[in-house]
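Chemist: Given these sequences and hints, build the entire structure.
Number of protein chains: 2
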Amino acid sequence: MKIGFIGLGIMGKPMAKNLLKAGYSVVASSSNPLTNEEIKANGGQVVDSLKEIAAVSEVVITMVPNAPEVKDVLFGEEGIVDSLKPGSIVIDMSSIDPLASKDIAATLRERDVQFLDAPVSGGEPKAIEGTVSVMVGGDEVTFEKCLPILQTVGASVVRVGDVGAGNSAKLANQIVVATNIAAVSEALVLADKMGVDQTQVYEAIRGGLAGSTVMDAKAPMMIEGDFEPGFKVDLHLKDIRNVMKTGEALDLDLPLTKFASDILEELDEAGYGKEDHSAIYRYFEKLGKEKK
Amino acid sequence: MKIGFIGLGIMGKPMAKNLLKAGYSVVASSSNPLTNEEIKANGGQVVDSLKEIAAVSEVVITMVPNAPEVKDVLFGEEGIVDSLKPGSIVIDMSSIDPLASKDIAATLRERDVQFLDAPVSGGEPKAIEGTVSVMVGGDEVTFEKCLPILQTVGASVVRVGDVGAGNSAKLANQIVVATNIAAVSEALVLADKMGVDQTQVYEAIRGGLAGSTVMDAKAPMMIEGDFEPGFKVDLHLKDIRNVMKTGEALDLDLPLTKFASDILEELDEAGYGKEDHSAIYRYFEKLGKEKK
Numbered sequence: 001m002k003i004g005f006i007g008l009g010i011m012g013k014p015m016a017k018n019l020l021k022a023g024y025s026v027v028a029s030s031s032n033p034l035t036n037e038e039i040k041a042n043g044g045q046v047v048d049s050l051k052e053i054a055a056v057s058e059v060v061i062t063m064v065p066n067a068p069e070v071k072d073v074l075f076g077e078e079g080i081v082d083s084l085k086p087g088s089i090v091i092d093m094s095s096i097d098p099l100a101s102k103d104i105a106a107t108l109r110e111r112d113v114q115f116l117d118a119p120v121s122g123g124e125p126k127a128i129e130g131t132v133s134v135m136v137g138g139d140e141v142t143f144e145k146c147l148p149i150l151q152t153v154g155a156s157v158v159r160v161g162d163v164g165a166g167n168s169a170k171l172a173n174q175i176v177v178a179t180n181i182a183a184v185s186e187a188l189v190l191a192d193k194m195g196v197d198q199t200q201v202y203e204a205i206r207g208g209l210a211g212s213t214v215m216d217a218k219a220p221m222m223i224e225g226d227f228e229p230g231f232k233v234d235l236h237l238k239d240i241r242n243v244m245k246t247g248e249a250l251d252l253d254l255p256l257t258k259f260a261s262d263i264l265e266e267l268d269e270a271g272y273g274k275e276d277h278s279a280i281y282r283y284f285e286k287l288g289k290e291k292k
Numbered sequence: 001m002k003i004g005f006i007g008l009g010i011m012g013k014p015m016a017k018n019l020l021k022a023g024y025s026v027v028a029s030s031s032n033p034l035t036n037e038e039i040k041a042n043g044g045q046v047v048d049s050l051k052e053i054a055a056v057s058e059v060v061i062t063m064v065p066n067a068p069e070v071k072d073v074l075f076g077e078e079g080i081v082d083s084l085k086p087g088s089i090v091i092d093m094s095s096i097d098p099l100a101s102k103d104i105a106a107t108l109r110e111r112d113v114q115f116l117d118a119p120v121s122g123g124e125p126k127a128i129e130g131t132v133s134v135m136v137g138g139d140e141v142t143f144e145k146c147l148p149i150l151q152t153v154g155a156s157v158v159r160v161g162d163v164g165a166g167n168s169a170k171l172a173n174q175i176v177v178a179t180n181i182a183a184v185s186e187a188l189v190l191a192d193k194m195g196v197d198q199t200q201v202y203e204a205i206r207g208g209l210a211g212s213t214v215m216d217a218k219a220p221m222m223i224e225g226d227f228e229p230g231f232k233v234d235l236h237l238k239d240i241r242n243v244m245k246t247g248e249a250l251d252l253d254l255p256l257t258k259f260a261s262d263i264l265e266e267l268d269e270a271g272y273g274k275e276d277h278s279a280i281y282r283y284f285e286k287l288g289k290e291k292k
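Here the protein sequences line up with chains U and H, keeping their order. The first sequence begins at 1 in the working numbering and counts up one residue at a time. The second sequence begins at 1 in the working numbering and counts up one residue at a time.
Watch out, some of these pointers could steer you wrong.
No copy is singled out in the list; a pair is fine if it fits within one copy or between any two copies.
Listed below are the simulated DSSO-like cross-link pairs for lysine-lysine, each with C-alpha atoms no more than 30 Å apart in a straight line [said to hold, decoys possible]:
(1) Lys85 to Lys232
(2) Lys258 to Lys193
(3) Lys102 to Lys85
(4) Lys238 to Lys286
(5) Lys193 to Lys232
(6) Lys21 to Lys193
(7) Lys232 to Lys2
(8) Lys51 to Lys238
(9) Lys238 to Lys289
(10) Lys245 to Lys193
(11) Lys51 to Lys2
(12) Lys274 to Lys2
(13) Lys238 to Lys258
(14) Lys286 to Lys245
The set of hints was computed from the structure by calculation and includes no laboratory data.
Modeler: Structure (structure tokens):
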């Protein structure tokens, strides 16, 4: 089976290389000549255009920043929609808003092309290890066909529901992560203002009901003031904007998402967009200093 | 060593019984005759007043609802302060605001009585098992003296810092728990409005960065609509009011605490005070229905 891979960035490139290592035939076409060399050196095929990728692939994976880029790859001037083989499958592994996933699936279905939304969580190191978590939306038959491919790039692959469900789960994930980072920040700033050692507080509460993966991953970074990414503020902001967009389309108030959105926008404007999202702590630290 | 135990409620009674089982001499005086019988049946001593408890104890443990009750037990009309033996220790295991702990410690110190604030996390089942987490504030010498006692009632006993640090950690804990419950709620309501099965979303995200003890304990309750306590809304509200009070005293804005406080107040007023704090979900569920 030939797999086309579009979007050989920080996440996409290692995922394509893992598919090659597993013996899949991968065809790609990067605008970056060095990336093309790397794909060839790993046994992949490089062609001249995205359309050529589509013309020869049974499955096309897209891994790009957001919905406009996915739509551009599919339906734009250089878009592949007319080159896709009938009966082929597009797996969009980008994190986009789930309503866009549904629109894309509907349009492709008219061309006899099946679609899965399959966003991932876990950063570059997990993409390299092939251990990202994949949340999938789409029909069961298409999911089963693609499962071996997805299991090659991810450690956990869960079909959440029909098309859009993968990105709905991803947005749910991003709400919880952003808010929990904010909660740990507020708690640690309070401890600091009470004159209590933050590390001691972290150690005292991490084993109880307050404990979380976020707390263990991010509290030490907050305490050290070390915001090396990790998952960047501007990427989390992109996801949170997609949550806001989805909430608006559903006419649903999302007060915590709105709160996280305001903080992330402020951080991004202040030049912290390339820091780890644990830099949300900066907002609470500032609250602690303002009135001192 | 004789331990006086004041406050034989849902948490205090099993803790006193665990001390008796471990061989400590415990003296108590409940207003409930059945509780007094139970203490006697377990080998404890029952006296007629709190003052008599203080007069014969090397260590007095208090486990009452909040700071006013602690102050009443110590300094009120029936208060024990003048009966405490010089050189004795008061361990307050109630969850109160840390500034009150500091005030109490200062007053007791003038009488040559040492003080620890040692609030616990974990509910009635853990109190019965002797596996609560104890967060302790106080000087190291007093802490070391009381450590065997605290280890009898708790599985984890951490000295967080000087007096007030135990309750500062407890408040930090309660901020994170309330906010994380709210975050999981908002995420699950969004998933539901997107037409995605909430259990599938929970399963898809629980293993990643969004995963937490709160999510595993509370998401299934939210999905089932089962809010049997557990830890009650009105108790979490009491703690969150203590956070607000502490924030005001420090002139520190705590936006997430304020948000949690508004929700918990609303739930309590609507008659949900005796439900589990996972009933915070009700607030977000209502947001999801309002505009439908």
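Chemist: What label fits Lys238 with Lys258 when the C-alpha limit is 30 Å: within, between, both, or neither?
Modeler: both (13 Å within a copy, 26 Å between copies)
Chemist: Between copies, within a copy, both or neither: which fits Lys274 and Lys2 at Cα up to 30 Å?
Modeler: neither (36 Å within a copy, 59 Å between copies)
Chemist: Quick one: Lys51 to Lys238, C-alpha cut-off 30 Å, is that within a copy, between copies, both, or neither?
Modeler: Classified as within; 28 Å inside a copy, 63 Å across copies.
Chemist: When no copy is specified for Lys258 and Lys193, does a C-alpha distance of 30 Å or less occur within a copy, between copies, both, or neither?
Modeler: both (26 Å within a copy, 17 Å between copies)
Chemist: Are the CA atoms of Lys238 and Lys286 at most 30 Å apart within a copy, between copies, both, or neither?
Modeler: Both: 23 Å inside a chain and 27 Å across chains, each within 30 Å.
Chemist: Taking 30 Å as the upper bound on the Cα-Cα distance, should Lys102 and Lys85 be classified as within, between, both, or neither?
Modeler: within (20 Å within a copy, 73 Å between copies)
Chemist: Quick one: Lys232 to Lys2, C-alpha cut-off 30 Å, is that within a copy, between copies, both, or neither?
Modeler: neither (33 Å within a copy, 56 Å between copies)
Chemist: Measure nothing new, just compare the shortest in-copy and cross-copy C-alpha distances for Lys238 and Lys289 to 30 Å and report within, between, both or neither.
Modeler: both (28 Å within a copy, 27 Å between copies)
Chemist: If the cut is 30 Å between Cα atoms, do Lys193 and Lys232 qualify within a copy, between copies, both or neither?
Modeler: Close inside one copy (27 Å) and across copies (28 Å); limit 30 Å.
Chemist: Given a CA cutoff of 30 Å, do Lys286 and Lys245 count as a within-copy pair, a between-copy pair, both, or neither?
Modeler: Classified as both; 28 Å inside a copy, 20 Å across copies.
Chemist: What label fits Lys245 with Lys193 when the C-alpha limit is 30 Å: within, between, both, or neither?
Modeler: Only across copies: Lys245 and Lys193 sit 14 Å apart there, 36 Å inside one copy, limit 30 Å.
Chemist: Go through the copies and call it for Lys51 and Lys2: within, between, both or neither, with a Cα cutoff of 30 Å.
Modeler: within (14 Å within a copy, 84 Å between copies)
Checked against the numbered hints given earlier, this structure breaks hints 1, 6, 7, 12; the rest are met.
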